[in-house]
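Undergrad: Here is how the chains run, residue by residue.
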Amino acid sequence: AQKVTQTQTSISVMEKTTVTMDCVYETQDSSYFLFWYKQTASGEIVFLIRQDSYKKENATVGHYSLNFQKPKSSIGLIITATQIEDSAVYFCAMRVSSGSWQLIFGSGTQLTVMP
Amino acid sequence: DMKVTQMPRYLIKRMGENVLLECGQDMSHETMYWYRQDPGLGLQLIYISYDVDSNSEGDIPKGYRVSRKKREHFSLILDSAKTNQTSVYFCASSLRTKEVFFGKGTRLTVV
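In order, the protein sequences belong to chains A and B. Just so you know, we're using our numbering here: the first sequence kicks off at 1 and counts up by one. Just so you know, we're using our numbering here: the second sequence kicks off at 116 and counts up by one.
Here chain B stands alone, though its shape is the one from the complex (with noise of 0.2 Å):
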């Protein structure tokens, strides 16, 4: 079955604490991307990495480093996190024109 896997799906974090979260899929696709959502401003773009060790900012990577390691594997990591990263954080994966297929979601809270 193929899948894009998010680890944890909720997590709460007080400010200043380094958060993980972890993405994988089982569809051997070379593109993943991190997105947040937001009510009223839809998907945003955080992170897109085009294959190993290959990573792009996407619209709002301030505050949020990523990484790839192995092609399956794609992590999102807030160093020191702000009250204002209160979101809910997509991974999603997909082949290059192909469609994009999405995980659960991620609710982090930092209070």
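Isolated chain A, as found in the complex (with noise of 0.2 Å):
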């Protein structure tokens, strides 16, 4: 079976500093894809970043970048420099093959940025 795991509900970070969100996988899939998404207060739902699990090198995307430790099935956010725009809610989300290529969700976790 298939699971994406965020033990973190919510954090609050201060303006200007550097927060990292965890989550947790489970596959048994040799091939799979993980994602990051944000979802505004809106509620609109943006796609952050990707990281194939045969690469290894950290997906980097403008102030988001990725801790991919595949032997602990693990993929962390990291954003640097927060802003308060990146007060949201961030889920991490997984895709394989096994799983009909269907988006598995985490949880998510609500970020605070505070000034």
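You can take every hint at face value.
The following label-pair restraints were derived from C-beta to C-beta distances:
(1) A/ILE11 x B/GLY155: 12 to 22 Å
(2) A/GLU15 x B/MET122: 31 to 41 Å
(3) B/GLY131 x A/LYS56: 49 to 59 Å
(4) A/ILE78 x B/GLY131: 41 to 51 Å
(5) B/ASP141 x A/THR17: 34 to 44 Å
Hint data in this document are derived by calculation from the structure and do not stem from the laboratory. Quick caveat, the model's predicted, so the values are computed rather than measured. Think of the CB as a built atom: it goes at the ideal place given N, C-alpha and C, for glycine as much as any other residue.
Could you use the hints to bring the two separately framed chains together as a complex?
TA: Right, dumping it as structure tokens:
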């Protein structure tokens, strides 16, 4: 079975600091794809960044980067120089062929960035 | 500009009425999805479509049906809406192994 777990329900940080959000996944597939999404206060769900399981390099997009630890089945999201507008709910997700390529979501982490 | 468009954005219906939610995408994605999101329950997959007329049930298909006659268009139909179908509905699309792109959602209230 496939599963994605986010244990941090909420995190608060000061503006301009760095935050890491944790995510662990379970799958028996040898090849899989990991994603992070952000849901804003308006409800919009935005794709942020992706990591393919066969790639050793951690993905980076703007001030988002990933800490991919394959032996630990872990894919942490790192946001550097946080801004107030980064406040949102962050979802980790996975796609695997044995799951018919459906997007399997974690439960989300609420990030609050304080001035 | 690549996007997933949902119409309408807000809808109020009476119990027992039929509801049609429409979704379009301009990225030629073969896979499209319908999710609902309720407070505290996260995103739940209703239906997934792998291409035209190739639809599969997701985790909560009861009370819903879908139609996909063109690759760029995917509809969600509620026949005789119920109050427990009040929710926010998201349409999404993707290539098979790539990132999924979401529409802005439709807030449906059934009274």
